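Peer 1: For reference, the chains in residue letters:
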Amino acid sequence: MRNATMMMRWLFVLLCLNAAGVSHASSWAPISPDELKMTSEPKAPGASAIILELQVDRDDSENKVAFYERMKVLTDAGRDRANVVIPYDKENESVRFIEARTIRPDGSILDFEGKIFDKLIVKGKGERYQAKTFSLPEVQVGSIIEYRYHKYFSPYWLFNSRWVLSDELFIKHAKYTLVPNGYYALRWSWPRGLPPGTAEPLEKGGRIHLETHDVPAFVSEQNMPPEIELKYRVDFVYNTLDVKETVPLKFWQAADKVWYKNAEDFMDKKKAMAKVVSQLIQPGDSPEQKLRKIYAHVQQLRNLTYEKEKTEQEEKRDKIKDIDDVADVEKYGYGDASDLTYLYVALARAAGFQSDIAWISTRDQYFFEPDVMNPMQLTSNVAVVDVDGKQIYLEPGRPFIPFGLLPWYESGISGLRLGKDGGTWVKIPPTTVEQARINRKAVFKLVDDALEGVVTVTYTGLDAIDQRLEEMHDDDTARKEYMEDELKRVIVTGADVTMTNQPEWNGVETPLVVEYKVRVPGWASAVGKRRLMQIGLFAADEKHAFEQENRLYPVYFHCAEAVNDDISIELPSGWQVNSVPKTHGENVAITEYGSRVENTNNIIHIERSFTVNAIYLPQKYYPALHEFYQNVRANDEEQIVLSPVALSDASANKGSKTH
Amino acid sequence: MRVTINAGYAAVCAVLASLISSPALHAADHAPDWMQALKAMPVPAHDEKADAVNMYSDLHVTLKADGTVLSQERVAYKILRPDSPHAIVSVPFDDRQKIVDMRAWSIPVQGKDYMVKEKDAMTIGSSVDFALVADDKTKRLQIPAADPGAIVGYEVQLEERPYFQEAEWTFSEDVPVREATYTLQLPAGWSFKAFWRNHAAQDPVKIADNQWQWSVSDIKAVKHEDDMPPFNALAQQLQLQLIPAQGEGRVLASWRDLGNWYLGLTNDRRVLTPGISQEVTGLTGTQTTLLGKMQALARFAQGDIRYVAISLGIGGLQPHAAADIFANRYGDCKDKATLLSTMLKQIGVDSYYVIINAEHDVVPADALPSTNWFNHAILAIQLPASMKDVSFPALSKHPVLGNILYFDPTNEFIPFGQLPGYLQGNHAMLVRADGTELVTLPVQNASTSGRARSATLVLNDRGQLSGQVTERLTGYTSFMVRSTLQKTTLATERQKIIERKLADAFSAFSVTGFKINNEADITQPLEYEYSFAADKYAKSAGDMLIVRPRILGSEASAILETTDKRENPVEYVSLQKDTDDFTVSLPAGYVADDLPAPVDADYPFASYHSKAEVKGNTLHYTRTFEIKQFMVPADKLDDLKKFYRAIYNDERANAVLVRKDH
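Residue numbers (my numbering), protein chains in the order written: chain A, 1 to 659; chain B, 1 to 662.
A few of these clues could be false.
Said to hold, decoys possible - With beta-carbon atoms standing in for the labels, derived distance ranges:
{"#": "1", "chain 1": "A", "residue 1": "Glu470", "chain 2": "B", "residue 2": "Asp47", "range": "15 to 25 Å"}
{"#": "2", "chain 1": "B", "residue 1": "Ala45", "chain 2": "A", "residue 2": "Lys427", "range": "56 to 66 Å"}
{"#": "3", "chain 1": "B", "residue 1": "Asn518", "chain 2": "A", "residue 2": "Lys125", "range": "48 to 58 Å"}
{"#": "4", "chain 1": "A", "residue 1": "Pro226", "chain 2": "B", "residue 2": "Arg462", "range": "36 to 46 Å"}
{"#": "5", "chain 1": "A", "residue 1": "His209", "chain 2": "B", "residue 2": "Thr286", "range": "51 to 61 Å"}
{"#": "6", "chain 1": "B", "residue 1": "Asp129", "chain 2": "A", "residue 2": "Pro226", "range": "19 to 29 Å"}
{"#": "7", "chain 1": "A", "residue 1": "Val513", "chain 2": "B", "residue 2": "Ala45", "range": "28 to 38 Å"}
{"#": "8", "chain 1": "A", "residue 1": "Asp421", "chain 2": "B", "residue 2": "Ser127", "range": "47 to 57 Å"}
{"#": "9", "chain 1": "B", "residue 1": "Asn518", "chain 2": "A", "residue 2": "Lys427", "range": "54 to 64 Å"}
{"#": "10", "chain 1": "A", "residue 1": "Asp566", "chain 2": "B", "residue 2": "Ala40", "range": "48 to 58 Å"}
{"#": "11", "chain 1": "A", "residue 1": "Lys125", "chain 2": "B", "residue 2": "Lys49", "range": "28 to 38 Å"}
Bear in mind the hints are in silico, worked out from the structure with no lab data behind them. Note that the coordinates shown come from a computational prediction; the quantities given were computed from them, not determined experimentally. We treat Cβ as the ideally placed atom computed from N, Cα and C, and that holds for glycine.
Pulled out of the complex, with its shape left as it was, chain B reads as follows:
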């Protein structure tokens, strides 16, 4: 879902403001004056790992009365480290965008300047892995001599014909930005409404009739860190809703307006055909309840319709017709939602498009209406009054629709009634003819996703541990494992999965049995049953046997064990609750001399409890691990580090057994 005037980075030094509007007159390869002036400019604060700093950024956007948008962007970086990715100009474009001009320069540390133009660029098509066919492309221009100390910059002019008028300006980057400026020129009579993200609101300077300018400075880099929230959730951004003059352009003043536009795109897409009708009859004929019928149709959309994205032109936003999706047995997310909605309608169940972002925290609750926020489509299914007593984790109460159940047919492995973790709690556009709105999807209890592991094991006096383990995987955890299993193409490769798991726990082992249950039945937990024999599990030390009660599995993480100061929050894709329950029969004659202390670590974001005890001849270890919040804020990371260290210590802790007669 990408329709925008331009998303770009802009910066400009106030001292240079007068230069920005000057026509670019460049001799030979000489870099333009706006870049030459940067040689004397101080470099913004940065850490030693920054590969570059943004020295100058300016974006001019002009909306013409005919709806065409012209954007002119000038950006310059000082290169600080070799192989900086900022020495490559990347301009994405599609069939509604035309690159009018593209040129770039380098002012090397020594020698003459360089200039390269669009003819020197490579054009890269969209990845087949992302969409089998799409008209998205990227023009990539490598700037020469981008060695440390060089200043590189570019100018790009882009003309586009957007589906509707809106604008956004993202001025954060992965490197510091010294100063950035954004200028908006609107036709006479037009106005705008501004929404600031992660930055204090500020008024623009009106620099001419219907021309406004915003400037920001000293913008901190959004550094890449593992398990961080999405860049778009952390970036500083200005979103502009453009309000046409009376009688001009499309008004998208509200979510309702946007919803109506989307309904216009989709209103002829959910037409029932005889083929679909026959399929619905076939799928639901044996079901005796409405719920059963809904589940059968949902499973069909999930499993029988392959995910294939063919996104050309408006096809990036508009679903294919249900008849085509059904005939092909393939489609993308909005296609799957469209077909399922059509089928549900036949059994008397209404459903609605829900346009959403498949990452947490990208869409703020107070976002202005825009399709730019979103990249995914699911369904909200209105449960009939006859089903008022049903309960599902993904159920939500709507003031007009009553009980609505959110469902994502694109995810093949999350059963009807649940949502994948990456959608839970997200803000999304619920599209209805009588009132599209931004809604919040339900957050499922942590216990709906996770791994329950139990084992009955025997330890002999030679230190060999053997026995059987059962793992029951639910929710998001089961989705991840089922996805992995689906990708394995041979039975022998599946054996390797279990061997890999056991190798994490044991130094020497053999798998004596392995079975997967319920792999195809996603309404049931995925079950692993395996048995093993692990030699030398218990270590002899003098007259002692040393045994680790936490037999297998790990919840610890070394993500914060680093000397670099972490800057971003830690984000989890899904809440989850894992449990372990292990029983180990000890060798005859041995008693516990020392046991690991129980652990009780409780934090608002997560908890961990473990306990090892010996009763008679049996060692019993239990633990629970629960993620309770999607995000751990940056100011709580010390607590998270302590939490993971407590788990790490518990996981490595041993019990000491001695013979009774010693």
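For reference, chain A alone in the conformation it holds in the complex:
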């Protein structure tokens, strides 16, 4: 399964890296005086290089793509663009007619006549990836470099492609064309819009055209949506389903008919399912009890999707049988994640529930757009069950997911609930703050300048799932090291951290509770007769969050989440609290923060809460978010002031409360 995914990624990378261009026999376009004398691009200040011209001509009727690129080198770092690497899949592709040249800053031209190397990237059973590589000579700041090539695909090899208009370099001008393969109908769309001033793709003479200019360089930012969602692009989708509809609503209804039949065929084992259900549930069980029992049964079956990757030899010996229907899943005791979800729906139906499969698109790689009408984007399934007039969504095909909860990437999305009348689009709600929570409780004593004590971290819901999935194939030593690193990561300074318990790694409905022995040396800093302690101990996650003043893209969190800290620090005898910071509360848009410090009987109690309430924040709200995080950091750095107890007032301090 993982191998297949890797292969798809390879193909995708190769697709993105390549496209088509001008005929190899054509002459080079003339260099303009403006291009020669250019020393910078005002629309891309500081750029190391920019793309002056890009042309991609793809012909799916002849299985080829031609690529041409002209770049201007503006700084020393930009000279690296002279190293050209064209990867390709040698089993299915060939790269030919590579031509390149350097245009010196004075306008003189140096055609590339050096050697083009064919470098092995990786070779294994039935696959071989190579790269054509070469380095253009005499490339200096001010040079223009350009190259072009053709890539040919195996006959009968047709796949969806896209024009990704955004690049890591600023693009001054680009042209794209595509000749569709005539066998399948082709749809195209630009779900994120087009660069300003760019006309929509135009079909003319059997070829789709697009011309664009001044496309900003793409940069990465903290907590951003999937990159592809932020890049200007045109998606092309061949209709490989036997569905002729071109209106989205009708298209998905037609697709549903195909998928619904397949699903029903796979689940059509009523007798076998009834027998299983009869052994799982009792007549007096409530609807939820029944569904939970079925859920627990399915989830404990062997889940092939989440097993460790096996070698070819191990797989042979494993003798996994083909799964033809849900009865096979039950009989063999295994299936992949999708098979298990089908089984759950079939068993739920056998228990008398209205239940269906919903096909969904996870939001970790891209955001699904029904209007694009790309059935390949619906990659996962969940079970939908109607209970008391409500729909509940279940994911028995993934380990550690409690009943009623979905992984973050399967929540807050739309899905197609299959049905005999064309299916219905359902909205799966996003998870809530209550469903992803981290509580940290620390009980410390102040010993000299160090905090010493125990910390208990409780991960609930999605946070527990994340940790359990991360460590599901590791041993106790690795898990201990991982969890210790997790705590060290959030402590704002170096600390000795030792995990002391054996957390319930295989739990599903239970939180993951981790206990530590912790020592934080130097936490109280000495200033003359006083000692000062910062209140934000577990505050490292916020230290550098959204520190940049400006931002280009929206902010994206995986899920709503709450983190609460409860810290007590017992002071040594002979010390008293002079002052503690005020209670703070901050909130903006989708985030909240609060802190409160109390001193009772020389035990300082610090409460700190941090909440993200939603997953998406448009860019226009970023300044407020930036300021919010600045305030959070400032609050976390507030100091508790301690001083020695004077003999005369030692007793007076007992029982005092300072806010």
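Dock chain B against chain A, hints included.
Peer 2: Okay, now just chain B, sitting in the frame of chain A:
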């Protein structure tokens, strides 16, 4: 620079010695007897983090009279933890090496054995990031069922045609090795000279005519730890110089022999062409001094020749011709040295190849001659007698050549006259026609590298701190920052660098000005000038204002704040000296009630001094941080931990200000 018979790990149990020479007769997937016997063997001592232990290792090397070398290696591990990397057999090879046979087995905890062969392996090409083109490849074979408790092992036969005959045996690994054996078979009349690294010398057992065997046992793992010396500096190793019979093979008995061989590779590479000559004239025409001319040529080799490595065949050792390097305007380290040497010659300056390792401590002072030690090439420039009074940090006095200046044209940002930290103090091969030798490169004073930061700031009574900071970066520090700046492709990304720096220091801030000076002029310190306003810098606590005098920048490290016992020394890439000098005008009416105590921490390897004082209405904070040694030995790590804690405490220390009228 990699030419070797084989570098491998070998181990064998004496009890099994008789099995080693037995022909391998295996039925179906059944693991061979030498592996089966290991099931009953005790596991060597290891810590809980060891993913495997080496149970059996044996390397046979046979040098044939025609110069061909055959190596047969058998290695077995007991797997202790999931996902052990030791369940993957990785065999590097190039165009002069042929994998004759490769097979591996697994004895799982339950079930039948597995066997995999070369046909099951993946072949991985060298990374484009390392060399645009190279013929180095790696064959990787995943051993099945390598779960904890399984025994996995492999046999590899390799045939190679080395450029010359030498051998090395590295028997340390990142896991414990129970026992390892190395057997050497030489042609009649040949002999050897042995050099042991990090292990007591021991004589071999002669087991047949011209066949010798060495065995070691209970070899401790070289664990990976942050900021540790290179593995090759810590690993236990046997190096063998092979001495041919009279009239056979190439004699590499001395550094001179090795140098002569290298000169043979390079003697036609530094030929001046009209194009190069014209370029030299153009570059030096406006320079009035010889030093100026040398600097101009050095800058050309550093900056105008892009680093591009194309290493095919002998090209891994032999530079391209100067004419080609010049025409392409690119090359690797030895190419850049070659072109610069050619250009220097035209202005009457002689220079010499210096073959070196770009990591500290890899090459010992008493190393036997071998190219295996090295991975980099620079130049030694012989300064003419007319320049006898010049002074450079990278200058060295040579008994024959007089003043020689070491220079690395591959590093784009270390100016002429200096060396990057990673080369300083290293042993290197100075190649000369009349006497190649192993030399030691100079170590520059710590003050040649570092950061001098000064700030003039104002604190208001609302706790806002604002003002201007200047940082002057020199030596290795400036190289690191210039490299980072070079990688940023947009102006907005540069702004992020300064914001990141300020976010380390302040919770809430805005950058009000930012300028970088001398970025392109590497002969000058790199300068950052920036101004900022940081709200809530001073915290109110009752009637007090709490202010951290160490405004920004950090020298502390948490590297030793761990419950795991550190085993390896800590190594620094460069010596350095950093200084801070901050002046803060305090808000009217406030006086210091408490100030952090000064810190004076002096150790042989490093020092730290800081002081905060208030004079009138001004808080003044100064500090110096100096790394004085490249390496802190393992027995001094407690001192290093104390040192860093003292810095940490100082960096977090606050001053308490109160209003005068309180």
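Peer 1: All hints, please: hold or fail.
Peer 2: Status of each hint after checking the structure:
The beta-carbon spacing between Glu470(A) and Asp47(B), approximately 23 Å, falls within the hinted interval of 15 to 25 Å. Distance hint check for Ala45(B) and Lys427(A): the Cβ-Cβ separation is about 59 Å, which falls inside the suggested range of 56 to 66 Å. Taking 48 to 58 Å as the suggested C-beta distance range, the pair Asn518(B) and Lys125(A) conforms, at roughly 55 Å. At roughly 42 Å, the beta-carbon separation of Pro226(A) and Arg462(B) lies within the given 36 to 46 Å, and the hint holds.
As the Cβ distance of His209(A) to Thr286(B) is approximately 53 Å, the hint placing it in 51 to 61 Å holds. Here the CB-CB span from Asp129(B) to Pro226(A) is close to 25 Å, well matched to the stated 19 to 29 Å. The hinted range of 28 to 38 Å is satisfied by Val513(A) and Ala45(B), whose Cβ atoms lie roughly 34 Å apart. Range check, Asp421(A) to Ser127(B): about 55 Å between beta-carbon atoms, so the 47 to 57 Å window is met.
In this structure, Asn518(B) and Lys427(A) meet the distance hint of 54 to 64 Å, their C-beta atoms being roughly 58 Å apart. As the Cβ distance of Asp566(A) to Ala40(B) is approximately 54 Å, the hint placing it in 48 to 58 Å holds. Remark: the range hint 28 to 38 Å for Lys125(A) to Lys49(B) is upheld by a beta-carbon distance near 34 Å.
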